[in-house]
Amino acid sequence: MSARWAILAGKVVALVLFAVFLALLPNWISDIRAQQFAYVGIFFIAILGLNIVTGYAGQISLGHGAFMAIGGYTTAILVSGGPKALPGFAEGSEYLNLWPDFLEGGFKDLYTIPIGALVAGIAGLAFGLPALRLPGLYLALVTFGFAIAVPQVIRYLDGVSGGTAGIQLFGNPNLTGATANKVDLPGRTVTFNEWLYHLTWAIALVLLVVAWILLASRFGRALRAVRDNEVAAAASGISLARYKTLAFGVSAVYAGIAGSLYAIANTFVNPETFRADLSLALVIGAAVAGLGWLSGLFVGALFVYFLENVASLDFLPNGIESALKTPGVPDMVYGVVLIAVMLALPFGVGGGLTRLFRPITNRLYTRGS
Amino acid sequence: MRGLALLAAASAAVVALPGALAGGPNADPGVTAKEVLIGGTTPLTGEASAGSGTAVGAEAYFKYVNARGGVNGRSIKYTYLDDGYDPGRAVQATRQLVQQENVFAIFNSLGTTQNLAVRPYLNQVGVPHLFIASGYGGWARDASRYPLSMGFIPTYTAEGKLYARDLLKRRPRAKIAVLYQDDDYGRELLAALESGLGAKKRLIVAKQSYDSTATDIQSQVAKLRSSRADVFMNFAFGKFAIQGFVYANRLAWKPALAYVNAVAASTPVMSIASEGGLNKRTDGAITAAFFKDPAAPAFAKDKGIALFRSIVRKYIPRGDVRNGYYLAGMASAYSFVDALKKAGKNPTRRSLMAAMLKLDEKTNPFVLPGITVKTGSKDRRPLEQARLQRWQKDHWVPVGRVLAAK
Amino acid sequence: MADLVQQVVAGLASGGIFASLALALVLIYRATGIVNFAQGELAMVSTFVSWELIERGLAFWLAFFLTLAISFVIGVVIERVVIRPVEGRPVLTGVIVTLGLLVFCNGFAFWVWGGDVKNYPSGFSTRTIDVAGVAISVQDLGVIAVTLVAVALLYAFFQLTKLGLGMRAAALNPDASRLVGIRVGWMLALGWGLAAVLGAISGMLVAPTVLLDPNMMRPVLLYAIAAAVLGGLTSPGGAVVGGLALGVTLNLLTAYGDVPSSLRLPVALALILVVLLIRPAGLFGRVALRRV
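Chains as they are written, first to last, in our numbering: chain A, 755 to 1123; chain B, 237 to 642; chain C, 46 to 337.
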């Protein structure tokens, strides 16, 4: 009994330390670095969501970039209030007729985050059906197909989405960080980068705690049962339909929030941003983080962001920096590192950490006996 | 309402610049006693990676200038970051250039959507957004709202209208089939063609678009062929432009006249399309050009091309001396150096922008003879002229005189 | 009418491209249970290798077969070095590793050969046959013909040879196979080698059409996956039928059904989804499905 509490206490302490670290980090790094970490936070949320459905419920999803797209576009459309913000190439575009009046003024960006989450979540629930009927790999491929299809559909619906030109949010007064420089919050004035950082990480931490509680509860146990042995789970009375659907729904909510934040951070949305590559990057990040563990998520998110944006690692020595700028080399490094991580740490960083702490946890568990 | 606010913000930013300069003549970021730092984004990887040649070419030209003492004693350092043609990454990379590298100006960023994404930000923080590598008409059109942004090459609209005018002269009763990429680039060209044809718009008997995720466009070309058109407007991009010609050949469609959009019409691309001379569909194809073609015999002895070749050989290892994208980049770089010189001994962003609006270059070695790089306070389009050229077997031959491309 | 037939012909041509890569995907899946996301990129690298050989003066068919041999070796090496260590692991680990391979191969090709489109010769004549007003390109016929031959050879291999039997056994039941003396490890390596060969064939067949550059197989992969899933991941014949059917259906839909070009892929994927919901294993596949 005391062993479990001790371990729980240890995890809570770790979480608190993590939160404190995040809160203090902007003081030690440059402003633009804070913005980069904000993006890490966005990936953190998306990967956390993916972990719920793939790591805990065992349903492979290669389409989470599409849920991000749904969240991001929902936010962009609601914030911009519609066609007026669309660059529109052809003069006299037909976009204007399609817009309902009550959306004209646009919504404040923060309010659109839950809406984006909701819309993405509903889309996620729809995946319950294929999840139920299709064996694992086929499900993976269908979700991959979804990842590819969604940007195409977005381009097609250009009256609503702005098509290939996308939706520009910069300068929109509904955006809390409308200007590039100062954001006026009640009580303080911060830079845009700091605002973005604190926004994403505050949400990320809350979502982390929520996920933790969810996964430790009966819901989480049901998910793990589904993952480990469907037949046994069903035989014990767990409804596969319900839990697979819910797992997709919840994880899509997370991805939708990440997508909304992504739109706010970029102040711009565009189908190219949500290509299939994004979905693959999320899967990679989740695998590196460790599927089925929450502790490695930060590393997974760091991995995905910084390896995709190698140029931001400007503290590297000059020779390495210019080598990394040669086209093709960053991808080669990415691929090699990824394979090496999978070979060396097959259960990701999270699994690795669990193994690392095993001597302690074992000691605690067996102390009583 | 919002527009006014933005205009006010932009004006405030420009007006506030002297305040920022109060600390001294070189208080602008990116300028030191020895160096001027500029940056941009370009698709080093991804489907449009050929376009990144403009960045490579420009960098080579700057190295050449630096080896000769630079501009007013300063070297120009040009940093370009890969955005993979993703506007989201372009936003992040541009912010990094501005906030981490502290560049003096953004130069030669490629892509219409990519630049649309960063334009408001750059204008608000007061960073000049120069020589955008895209033919979108809005750079000049929206200048009152975004005064720090400027394009370089003639617009796609101007190009499309040029083809329309030329076609009406050559074949007033043509039946036109158009192949275009289903995005803003292709649609702008098509719209320009239609607008340029005016009342004769109905000469267009077939329009087929394709999406860049397609593997092949045989289906589209087959449909164009079945319309029995005798003029082929190839507004496709990259490998699809090649496929347009290849399938025309394979499907035995013999249009009497073909036009190819300028971006796709580089000599290497056309060479592949003409399948080593076996594909006659490319013979006589017409395109608009504003830069000299490094692979054309017409310019084999041209001094500008000689300079181009020597720069490529010296500063671009493994570089192809026939690469038109390098040359396009060098043309922009030349004009930038020109403006930087005019910006004075201690250039500021303000003096740079002022110089940008006073260009009057007849000596750009990379631009076609007869074309002037010219800007004014009301004229924000540096290049507004073009010349047509025809493909003859394996090279481009200029035809006719320099035309206005507005 | 001739137009309709022409569109069908064009669809079969596209479909042939999808089918040729789908075959490689199916082979790997049958042999190792993994969907190899890097299949297209490996095929692309093989094609570049053949291009290098041709550039250096080798005759086309000589370069072709030499490349097949090289690709076989590359496939085996990858299996031994990269895939073997993750064999017993969950499906997703294999997927991630192939994604890593995908990214690596793409970067490698960019680094070595650059992003510009390269000219690639065709092994077949570039002539076109005219049949009652319908133009059929010999190149396209060649792609389909070679793919069908490959299917036949694969079928013969798996059903009629001892090695093929061994591979099937190793995939179905590794433990029992070991008990009867089958060297399971090498069976898997052989599977990867053969799949690499099939991929190389696909790449070299389609390069004259889709044109050689590092991203040439990206769109093909998507359609190839769709074709393989449609036909059933375990059925080579199904993959080919799936590919051809997909090509024709998409063409007819966009040419006559008012489906805009940007929606081709989503429509293809929606079709797949519908088929899968009715027949979860695809048209010709077999999957042990337990209804719980």
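Simulated from the structure, these hints should not be mistaken for lab results.
Worth double-checking, as some hints may not be accurate.
Claimed, not checked - In silico BS3-like links for lysine-lysine, alpha-carbon gap of 30 Å or less:
(1) Lys299(B) / Lys163(C)
(2) Lys313(B) / Lys1079(A)
(3) Lys163(C) / Lys550(B)
(4) Lys1079(A) / Lys270(B)
(5) Lys629(B) / Lys313(B)
(6) Lys299(B) / Lys629(B)
(7) Lys629(B) / Lys443(B)
(8) Lys270(B) / Lys313(B)
Claimed, not checked - Label pairs and their computed distance ranges (CB to CB):
(9) Ala1094(A) / Arg324(C): 48 to 54 Å
(10) Tyr200(C) / Val557(B): 48 to 54 Å
(11) Gly612(B) / Pro940(A): 56 to 62 Å
(12) Asp175(C) / Arg401(B): 33 to 39 Å
(13) Lys1079(A) / Leu217(C): 43 to 49 Å
(14) Val194(C) / Val441(B): 51 to 57 Å
The structure presented is a predicted model; accordingly, all values stated were derived computationally and were not measured.
Where is the CB? At the ideal position from N, CA and C, for every residue including glycine.
Practice item. Of all the hints given earlier, name the ones this structure violates by number, lowest first. Key: 5, 6, 9, 11, 14
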